[in-house]
Structure formats: structure tokens, C-alpha cells
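Participant: First to last, the protein sequences are chains U and Y.
Going by my numbering, the first sequence runs without a break in its numbering and finishes at 272.
Going by my numbering, the second sequence runs without a break in its numbering and finishes at 864.
Be careful, since some hints might not be right.
[Unchecked claim] Below, a sample of chain Y positions facing chain U; criterion: calculated Cβ distance under 10 Å:
(1) Ser715
(2) Glu717
(3) Phe724
(4) Ile737
(5) Ala739
(6) Gly741
(7) Glu756
(8) Pro762
(9) Pro764
(10) Phe772
(11) Phe783
(12) Gly787
(13) Gln791
(14) Leu794
(15) Tyr802
(16) Thr852
FYI, nobody ran anything at the bench for these hints, they're computed from the structure.
Beta carbons are placed, not taken as given, at the ideal position from N, Cα and C, and that holds for glycine.
What follows is the residue order along each chain.
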Amino acid sequence: MGGDRNMARYIDFRSLELGDRLPPVTKDPITKVQLVRYAGASGDFNPLHTDDQTARTAGMKGVIAQGILIMGFMGQAISGWVHLRDLKRFKVRFRGVTHPGDVITVRAAVMEKKGSSEGEVVLCNIIAEDQNGEAKVSGEFEVLNAIRDNR
Amino acid sequence: MADMSKEGQGLPPFTFKVEQVKIKELIHAIGDNNPLFLEKETALSEGYRDIPCPPTFITLAFQEFTGAYFKAFEALGVSLQNVLHGEEIYEYLGEICPGDMLTCHMIFQSIVEKQTKSGRMFLITLGTRVTNQRDEDVLKATSLIIEKMTQDGR
Numbered sequence: 122m123g124g125d126r127n128m129a130r131y132i133d134f135r136s137l138e139l140g141d142r143l144p145p146v147t148k149d150p151i152t153k154v155q156l157v158r159y160a161g162a163s164g165d166f167n168p169l170h171t172d173d174q175t176a177r178t179a180g181m182k183g184v185i186a187q188g189i190l191i192m193g194f195m196g197q198a199i200s201g202w203v204h205l206r207d208l209k210r211f212k213v214r215f216r217g218v219t220h221p222g223d224v225i226t227v228r229a230a231v232m233e234k235k236g237s238s239e240g241e242v243v244l245c246n247i248i249a250e251d252q253n254g255e256a257k258v259s260g261e262f263e264v265l266n267a268i269r270d271n272r
Numbered sequence: 711m712a713d714m715s716k717e718g719q720g721l722p723p724f725t726f727k728v729e730q731v732k733i734k735e736l737i738h739a740i741g742d743n744n745p746l747f748l749e750k751e752t753a754l755s756e757g758y759r760d761i762p763c764p765p766t767f768i769t770l771a772f773q774e775f776t777g778a779y780f781k782a783f784e785a786l787g788v789s790l791q792n793v794l795h796g797e798e799i800y801e802y803l804g805e806i807c808p809g810d811m812l813t814c815h816m817i818f819q820s821i822v823e824k825q826t827k828s829g830r831m832f833l834i835t836l837g838t839r840v841t842n843q844r845d846e847d848v849l850k851a852t853s854l855i856i857e858k859m860t861q862d863g864r
């Protein structure tokens with residue numbers, strides 16, 4: 122089972138070298154509706170993400186995006202690059218707030234390649250930055266190039 | 711203010727069912743259009759047993775389905791308005807698909823007090839082991855939560 126999986130649309134992590142960059146993913150501008158939608162999907166109805174008045178009272182210029190939504194953008198990029206069965210670890214650090222209208226681009230590059238008992242592990246750094254190049258969320262992820270591929 | 715004596719304790723295990731419609735809601739909120747998460751045929755053709763969970767799906771579980779984050783804050787005596795999400799780490803150990811029954815075992819892994827230029831804070835690490843209906847470990851989540859104390863110590 123699984124032998125016929127279509128790998129053509131994914132990056133071949135076996136062929137990557139240190140420093141290689143993955144194709145960046147640029148998202149449409151964040152919208153207020155999107156924040157409401159994410160609030161509904163996640164069940165986190167913190168008004169900081171949906172109500173401008175509350176956000177201003179808290180010292181923001183208006184509603185801010187959920188950090189996990191931006192992590193979701195990064196997850197979208199990763200699922201376009203990697204067959205998820207090979208994704209072993211994904212770590213992020215939340216660094217800055219994001220507002221509606223901001224345009225997030227997700228970038229990643231190969232940082233390290235190391236051996237493990239299961240195969241070669243490719244460690245990549247990943248960053249979500251806005252239209253001004255300001256880092257909003259950064260982190261890393263690990264892809265396993267399994268020794269046997271007939272899982 | 712985080713109750714440091716709670717370190718090593720946790721929430722009682724909680725179980726929820728993975729629903730395909732929740733995956734769809736998440737994917738639409740993200741603005742993804744990856745057919746892998748929307749069409750079973752695509753998932754099957756790529757060797758999955760069903761639609762796989764997107765990489766950040768488990769976060770929803772900690773919020774909506776179970777309110778686990780909020781229960782943890784309550785148990786620790788942490789005030790929600792002082793809370794910042796610092797880091798999130800997922801280790802993927804097995805496939806998660808719709809219909810799976812996941813059980814989360816959340817532990818208050820560590821609570822560290824820190825004095826910084828911007829004031830006093832607590833760094834709280836929540837570690838959650840997620841198992842499925844076959845008692846297989848499918849995911850491990852680690853959340854670093856920062857509780858910033860206001861000047862007057864509240």
C-alpha cells in the first residue's frame with residue numbers, strides 16, 4: 122500500500138543541499154473576515170482578533186491576527202513542499218503581531234542534514250514575514266528521507 | 711500568577727473525535743486550496759488511508775473541542791489577559807485522519823520565573839502526548855506560554 126503515491130508535486134528532499142531555498146509561498150492580504158473565520162474554526166473567540174474597539178483598548182492599532190493562523194500559513198507551505206508522512210517536526214516562535222492587510226510570505230531553506238536510525242533528516246529553517254520583510258513567526262521543521270520508501 | 715507548585719501535574723486526559731468538517735474549516739480559514747485536505751481521492755492517491763490532518767490541526771483541539779489551554783490556565787492560576795504564546799512545537803509520530811479518537815495527556819512540564827527588563831514573567835511549558843484509539847502515540851505538542859506580570863504584580 123502507498124507504493125503508488127504521487128510524489129511528483131513535492132520537493133525531492135534527497136536532492137537538496139545545505140543553503141538551498143524552497144519556493145516561497147506568498148499569501149493574499151489578511152482580511153478581517155479571515156480572522157473571524159479562524160476564530161470560528163478554532164473556537165478561540167478572543168475579541169483581540171475580531172473586535173477593533175477591544176484591540177484599540179489593549180493598545181493595538183486594530184485587530185491582530187491569531188499567531189496560530191500565521192503558523193497555519195507556514196503549515197500550508199510545508200504541505201505543498203513535503204509529503205506529510207515525511208514531516209517529523211515543526212517548531213515556531215511567535216515574534217510579532219500581524220494586522221489585516223498585511224501580506225505574508227513564507228520562506229524556508231535547508232539548514233542541516235544529519236543521519237538517524239530511520240534515514241537522513243533534513244532540517245530547514247522557516248520564516249513568515251510581512252511585506253516589509255519583518256519576521257512575524259519563525260522556526261524550523263524536519264523532513265525524514267526514509268531509508269525504505271515502500272511504506 | 712502561575713502556581714509553581716503545579717509543575718509536573720497536568721489535566722485529566724481528554725478525548726475527542728477528529729471531524730473532517732473541522733479540517734475543512736481550518737483549511738478554508740487559512741486560505742489553503744490543497745486538495746489533499748479536501749478530497750479523499752487525492753489523499754488515497756498519495757498513499758494516505760484518508761484525508762490527513764494539516765500540520766497545525768491539533769491546535770484547534772486545544773482550543774475549540776476541549777478548551778484545554780483555558781483549563782490549563784485556570785488550573786495554574788494564570789490570568790488570560792497576561793498570556794502570550796511564545797513557541798509551539800509539534801512532533802509528528804503517526805497519521806491522524808477523520809474518525810480517529812484522540813486522547814490528549816497534557817502535563818505542566820515546567821514553570822520558570824524570570825526577571826527581565828520589561829518586568830517579571832513566568833515561562834510555562836505545556837507538554838501534550840496525543841494517542842489514538844489504538845493507543846498509538848501519534849503526536850507530541852509542546853507549547854511555551856509566557857505570563858507577563860503587570861507592575862503591581864497582578
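Participant: None of the hints should be skipped; say for each whether it holds.
Facilitator: Structure-based check of each hint:
1. Residue-level restraint check for Ser715(Y) is violated (minimum Cβ-Cβ distance to chain U is 28 Å; threshold 10 Å).
2. Taking 10 Å as the C-beta cut-off, the interface hint given for Glu717(Y) is violated, the closest approach to chain U being about 22 Å.
3. Because the beta carbon of Phe724(Y) sits about 14 Å from the nearest beta carbon in chain U, more than 10 Å, this interface hint is broken.
4. At a threshold of 10 Å, the smallest CB-CB gap from Ile737(Y) to chain U is about 8 Å, leaving the interface hint in force.
5. At its closest, the beta carbon of Ala739(Y) sits 4 Å from a beta carbon of chain U; the interface hint therefore holds under the 10 Å criterion.
6. With a least beta-carbon distance of about 6 Å to chain U, the hint placing Gly741(Y) at the interface is held under the 10 Å criterion.
7. A least Cβ separation of about 5 Å between Glu756(Y) and chain U falls short of the 10 Å threshold, and the interface hint therefore holds.
8. This hint holds: Pro762(Y) has a C-beta 5 Å from the nearest C-beta of chain U, less than the 10 Å allowed.
9. Because the smallest distance between the Cβ of Pro764(Y) and any Cβ of chain U comes to about 6 Å, under 10 Å, the interface hint for this residue holds.
10. Because the beta carbon of Phe772(Y) sits about 9 Å from the nearest beta carbon in chain U, less than 10 Å, this interface hint is met.
11. Violation of the interface hint for Phe783(Y) is found here, the shortest Cβ-Cβ separation to chain U being roughly 12 Å, above the 10 Å cut-off.
12. Restraint check, Gly787(Y) versus chain U: the minimum CB separation of about 19 Å is more than 10 Å; hint violated.
13. Given hint, Gln791(Y) at the interface with chain U, holds; its Cβ is 8 Å from that chain's nearest Cβ, closer than 10 Å.
14. Because the smallest distance between the Cβ of Leu794(Y) and any Cβ of chain U comes to about 8 Å, under 10 Å, the interface hint for this residue holds.
15. The interface hint given for Tyr802(Y) is met, as the beta carbon of that residue sits about 6 Å from the closest beta carbon of chain U, less than 10 Å.
16. Nearest Cβ of chain U to the Cβ of Thr852(Y): about 8 Å, under the 10 Å cut. The hint holds.
Hint compliance for this structure: hints 1, 2, 3, 11, 12 are not met, and every other hint is.
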